[in-house]
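Undergrad: Sequence:
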Amino acid sequence: MPDRHNPRLHKVMDLVNQDDDLYALWLAANVNAVERLEMTDHGPVHVKIVMNIAVRMLRLLSDAGVEPSVTTHYGLPPEDAEVVVALAALLHDVGMSIHRTGHEEFSLFIAKDKLDDMLPQIYDRRASTIMRSEVLHAIIAHRSGGLPLTLEAGIVRIADALDMAKGRSRIP
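Using my numbering, you'd call the opening residue of the sequence shown number 1155 and step up by one each time.
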């Protein structure tokens, strides 16, 4: 995914790509989903596809003049919305490493630890706390019956569904 001159997104991607534990969580999520439950892909391929779809959707909306929620509500730059959707997309299914039932809630506490490691390397304390809350909201809002309250959360939910809709998600 091109970082489109977004140094914070570039830093996030560097941190993600160096995180062996995160990759192991994606693999464990896929073992539970594909091997044990005979479900669709919920591993590294799926989350990267969802991330790419989500960031592209956000950029299209931004190019059309739609303001992201982190800008509207917190005055953060629109580029920070790309960080929210990228991280939420990458972390939305890590709870599948524990169990399918309740995986969205499990994803929250796993993601919080990951975010607490990554975000302070990029943001000051206030912005890091806001960004963590926004990413966690987008993660929980992807569940069935979830109610996305932000543009970013809605985008992640749609991006997740788009990967599932293409049938590609059946490939581990």
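Be aware that a few hints might be false.
Below, a list of computed lysine-lysine pairs in the DSSO-like style, where the Cα atoms sit at most 27 Å apart [claimed, not checked]: (1) Lys1165 / Lys1266; (2) Lys1202 / Lys1266; (3) Lys1165 / Lys1202.
So the derived label-pair ranges between C-beta atoms look like this [stated by the list, open to error]: (4) Ser1298 / His1159: 35 to 45 Å; (5) Ser1287 / Lys1165: 38 to 48 Å; (6) Ser1287 / Ala1315: 31 to 41 Å; (7) Asp1175 / Thr1225: 10 to 20 Å; (8) Tyr1228 / Val1185: 29 to 39 Å; (9) Asp1271 / Pro1161: 31 to 41 Å; (10) Leu1181 / Ala1218: 32 to 42 Å.
Source of the hints: derived by calculation from the structure; they are not laboratory data.
Being a predicted model, the structure only gives us computed values, none of them experimental.
Even glycine gets a Cβ: it sits at the ideal position worked out from N, Cα and C.
Undergrad: Look at each hint and say if it fits the structure.
TA: Okay, the hints, checked on the actual structure:
1. Lys1165 / Lys1266: 18 Å, holds
2. Lys1202 / Lys1266: Distance ~19 Å between Lys1202 and Lys1266 Cα, so the pair holds.
3. Lys1165 / Lys1202: 16 Å, holds
4. Ser1298 / His1159: 35 to 45 Å: 36 Å, holds
5. Ser1287 / Lys1165: 38 to 48 Å: Check failed, 19 Å falls outside 38 to 48 Å.
6. Ser1287 / Ala1315: 31 to 41 Å: The hint (31 to 41 Å, Cβ to Cβ) is violated, given that Ser1287 and Ala1315 are roughly 23 Å apart.
7. Asp1175 / Thr1225: 10 to 20 Å: At 31 Å between Cβs, range violated.
8. Tyr1228 / Val1185: 29 to 39 Å: 38 Å, holds
9. Asp1271 / Pro1161: 31 to 41 Å: 19 Å, violated
10. Leu1181 / Ala1218: 32 to 42 Å: 37 Å, holds
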